[in-house]
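Peer 1: Note that the protein sequences, when read in sequence, are chains W and B.
The working numbering applies: residue 902 is where the first sequence begins, and numbers increase by one.
The working numbering applies: residue 1443 is where the second sequence begins, and numbers increase by one.
Hint data in this document are derived by calculation from the structure and do not stem from the laboratory.
Watch out, some of these pointers could steer you wrong.
[Claimed, not checked] Below, in silico cross-link-like pairs of lysine to aspartate or glutamate (EDC-like), each with a Cα-Cα straight-line distance of 20 Å or less: (1) K1850/B with D1068/W; (2) K1850/B with E1020/W; (3) K1695/B with D1049/W; (4) K1063/W with D1872/B; (5) K1627/B with E1020/W.
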Amino acid sequence: MNKTIWTVAALALVLTACKSTPMNPAKVEDSSVTRPIAKSQSNTGADSSASTDKINIKTVDVDSSKDELSAAELAKRQVFFDYDSDAIREEYKGLVANHAKYLVAHPQTKVVLQGNTDERGTHEYNLALGQRRSVAVKNALNVLGVSDSQIETVSYGEERSKQNCADDGCFQQDRRVDIVYAGQ
Amino acid sequence: MNKTVTMQNLKNGLIHFLSHTIGAGVLVWMFALPAQAALELEISGGSAIQIPIAILPMAESGSAQSGSRLHDIISNDLRGSGMFRIINTSGMPALPTNAAQIKYTDWTALKAQGLSLGEVQQAGGNLKVSVQVMDVLRQTALLQLTYTVSPSQYRHVAHLIADQIYEKFTGQPGAFSTRIAYVTKVGKRFTLQIADYDGFNAQTLVSSNEPIISPSWSPDGSKMAYVSFEKKKPIVFVQSLYTGERKIVANFKGNNSAPAWSPDGSKLAVVLTYGANSQIYTISADGSNLQQVTKSSAIDTSPAFSPDGQWIYFTSDRGGRPQVYKVSASGGSASRVTFEGSYNDGPRFSPDGKYLTYIRNDGGAFKVAVQDLGSGDVKVLSTGSQDESPSFAPNSRTIMYATRVGGKGTLATVTVDGLVRQRLSEAGGDIREPAWGPAQAAPK
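I would like the entire structure built from these sequences, with the hints used as guidance.
Peer 2: Put into structure tokens, the structure is as follows:
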């Protein structure tokens, strides 16, 4: 039982971490975080619901809890890229693998991969470039066994980029894919 | 050569403006807003030969108009085109307001070729604007125009008169009575606006806390296609300017972006991804009849129909770097259009089909380029480093684009020959993604 509580706590941390990420603006309310968790405790991890509201319940599965990743491992949800590149850098392969492992263990959980670019270039081409990055992450997840039905790839292009960057350190922050779990 | 334009024979849409203003209460607000100097005009450069012309103040009886006078607006239009030199008349003792009062020797002494004068009268709640444009050397009337309009059409009438003068002296139609669309970002708020070509009379079409991009005018000027992220992903909408009706045209899995109308207004080219790379499709304006046009493993985006509707020009990086290609609008194999430079993106046609404009990355700086489709010659026209979204005026003479000045997005225009530049700037906020509307932009 202790283990279950710790898993719940870990998940709450995951959700909280996500909530405070600037790329997930104020969509998650406290009520929607606590309610499903409370429900799951009385539900003993039964796998019956498909509503987005309750998807997070499935993360509190007693039987699979020993395979759960730590909150810290799943809290990292940004994959950064080089200029005009969609190659996943070596340093982010572990991060992608962690999410793959989690998604394989929770086949009802869905993610949206949101591609982003820096502001240089046209809006339309950058939208396509951001898409290519989100597809690169999707392909990496696919290779690790995540089903296509769990993933939607979209792009924000340059639309969420910082403006008036003066150096690549600044532009770099914009060239990324955000991994966004459904319902969050 | 005299030409009289009245309510009866006016075919350019003014009659529609007026009848809609009177006939449909819901539309009144769209046209009755006071003129606001939302954007400021800055002009630099000029063509080598400019036609000297005097635009005299009109006699305005009991007019309650505030702001710029008709002759100011006409003068700004003509000066901004770079084709005219407006003769300063401030030192003249008495200015004529009808042809009989003209002392032609005064004007030949000032080397004026043209002279515009007239009057504005109240006519039962409407304004009756009568203008004569004289040929100073021949001492004959080149133009004789009469417009009866609602007071809210004050600036519009000035633009219509400027269009007529421009055409009479240059032989090409003017584009002053046209409108533009653009997106502003103020704080976190994105707003798609429609304004006169000079930035006045700005009206909001739609606003959102999520990005709005890629506005595209329907060929008849009555609808706007654009991409909105309001549902946390790019979706293509079409919105009627006059009824406000808003429809989703493309909302498939993945991205839906870069809408571009076919010349007959029946369909749009859009870019869809599903779960993979960006590819070009066509879809009917009602969202039916989806057809794939490009089939590549590369990025294919930024489609634009050729004015004859036969081709879709687009950006692709199938050759490694973004370049402009063309493909039959019904699909098939694509051929490359741009060969100079390592990065050419976002093609847009001149309405006469003679030119293609796009963005060239020139050593890290993004600039507006124009390609003569006959000769293949390419000229870089803009001077910024992050210039974007070029689109042609309906008369194919001028290109409007987005640029950055002092860290802020603003709009600029440049003539196809690169000689005349203007900048439109707004106080506060960022302006981006201009799209120049078609000539027939009046409600149907």
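Peer 1: Does D1049/W lie within 20 Å of K1695/B when you go C-alpha to C-alpha?
Peer 2: holds, 12 Å
Peer 1: Are the Cα positions of K1850/B and D1068/W separated by 20 Å at most?
Peer 2: The given pair, whose Cα atoms are some 17 Å apart, holds under the 20 Å limit.
Peer 1: Next pair to validate is K1627/B with E1020/W; report whether the Cα-Cα distance is within 20 Å.
Peer 2: holds, 14 Å
Peer 1: For the pair supplied as a hint, K1063/W and D1872/B, is the alpha-carbon distance within the 20 Å limit?
Peer 2: Within the cut-off at roughly 13 Å; holds.
Peer 1: Take the C-alpha atoms of K1850/B and E1020/W, compute the straight-line distance between them, and say whether it is at most 20 Å.
Peer 2: Given that 20 Å is the threshold and the Cα spacing comes to 13 Å, the pair holds.
Of the numbered hints listed earlier, not one is contradicted by the structure.
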